[in-house]
Amino acid sequence: MVNKPLVSIVSAGLSKFGRLDGMYCRELFADAAKEAYDRCPNLNPKKDIEALFVGQMGESYEHQGHTGPTLADWAGLLPKPAVRLESACASSGAALRTGIFAILSGMHKVVMVGGVEKMTHRTTSEVTEFLAMASDLPFEQWNGITFPGLYALMATAHMHEYGTTEEQMAKVAVKNHHNGTLNPKAHMQKEITVEKALASKVIAWPLKLYDCSLITDGASCLILSHPDVAKKFTDAPVHVIGSGQASDAIGLYERKDLTTLKAARLAAQEAYKMAGVEPKDLDIAEVHDCFTIAEIMAYEDLGFCGSGKGGNMIDEGITELGGKLPVNPSGGLKAKGHPVGATGTAQAYEIYLQLTGQAEERQVKGADIGLSHNVGGSGATASVHIYRRD
Amino acid sequence: MSDDPLPFTISSFYRFVSEKRLMAAKCNECGTVLLPPKPMCTECLSTNLKWIELEGAGKLLSYTVIHIAPEQFQSLAPYSVGIIELKNGLRLPGMISCVKPEEIRVGMNLKVDYDTSTSSQWPAWPRYFFRPS
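Chains A and B, in that order, are what the protein sequence lines are.
Residue numbering for the first sequence follows the working numbering, starting at 1 and increasing by one per position.
Residue numbering for the second sequence follows the working numbering, starting at 1 and increasing by one per position.
Hints listed in this document are in silico derivations from the structure and should not be mistaken for laboratory results.
A couple of the hints might just be wrong.
[Claimed, not checked] Here are some of the chain A residues that sit facing chain B, going by a computed Cβ distance under 10 Å:
hint: 1; residue: Cys40
hint: 2; residue: Pro41
hint: 3; residue: Leu43
hint: 4; residue: Gly149
hint: 5; residue: Lys256
hint: 6; residue: Asp390
All of these numbers come straight from a predicted model, not from anything done at the bench.
Every residue, glycine too, gets a C-beta built ideally from N, C-alpha and C.
Construct the complete structure from the given sequences, taking the supplied hints into account.
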């Protein structure tokens, strides 16, 4: 029995994802906001939107903090209250959850949530350093352990424990690159092969270039309303029916099991229970494939398969478009791109398009129930949301 | 000179590293060992703690070879890092030295060694690392 909505998504917007020279966070966010406004002509943004919650990982990229009001200004929402939330790569998943709190509290009827990051104007070495700030300084950063390095430690452990292979990881990249070619807003627009992925340069063994998500510029947003007023704004809202979030030690080394993200498991359990759905009820999922191993672990953590069976799921094609449970039809972080603060609500944007039949070439026919899974850092934060169409 | 122990902080942990000692905090109430040390036991919330010295040896749980590094580490790349499990079950991440990457294996025995020279870069801590035992 599917439970009643927490909030309703009445509109959504996404900037182009990619290397967008000369466009910085505020302009990227305005681009996403404009799409959300244009999709929803019955909404008067200046009058109806009462607050903005926006996720952004770092001020280092642009040397610009205090992003909440800046984005509210560029989105035409001054003087509405605006707050930035930081939870590493799960920043806008946290913004979505905060928007849900704001509506459920009774304080607001309509809010905008979103996320943004500008990354491509920095060198790879600088971006590597900025991303590493979301890992533990005294033991991980201090020992030269990078973000790809942390996921590589999980990959090595998964390979050792369960026999997961580099080829299975490469298949995740091949699938998501294919999906990206069907998404005009995706950063990467090219097919790759398993052979090409396996032959790409090593970033942090066993992870190679094509195992890693992209350094991307982009912004995303959703307009949320109380379910009772959603129909005032649109005939086809998407309802958020479950929300879960959990925390774990920031240091990967402090966790008992390197082959799973406990925070993701706990967040998923909470979201499934709240929504009244089980993994078998899902038609579609957007998961946090910051690295290919992360998608394989997500299958297991979200209950799509048992522990250690994630590699089999990709071998069997279950998560391809046309498979039983398409995962990352947008191209995922791998091919759509990963402007880190924008990712959580960009995942929700894809689910919104899919559940309202607007996903064009990559549309999953008859999708009723979807899930998004957003992970911060190496898994110290995870949020899971479950959605259903009206 | 006070008899009070060093505060249960990470700075203190690295002060011990400068003396080539691997130290953790132990809760006098519930017995939990905290690595990294924390000023309050995160299990029973007691601040009744003491320092204990750990044996710097363990087995490798997982590893990676980093090719793309932040600026300050790029001159060392490619370099190996891993997480070891000490004999009491505590875990510690660090660089793996004195062994070729292709010879590293999950489960191999490693010991903790020290580089007590300090860099000028904040936080100017000495370093520990792992080598085959």
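Hint check results:
A hinted interface residue such as A:Cys40 counts as satisfied when its beta carbon comes closer than 10 Å to some beta carbon of chain B; here the least separation is about 42 Å, so the hint is violated. At a threshold of 10 Å, the smallest CB-CB gap from A:Pro41 to chain B is about 47 Å, leaving the interface hint violated. Hint status for A:Leu43 relative to chain B: violated, with the closest Cβ pair at about 44 Å, above 10 Å. Satisfaction of the interface hint for A:Gly149 is found here, the shortest Cβ-Cβ separation to chain B being roughly 5 Å, below the 10 Å cut-off.
Because the closest C-beta pair between A:Lys256 and chain B is about 9 Å apart, less than 10 Å, the hint holds. Proximity of A:Asp390 to chain B is violated relative to the hint, the smallest CB-CB distance being about 44 Å (cut-off 10 Å).
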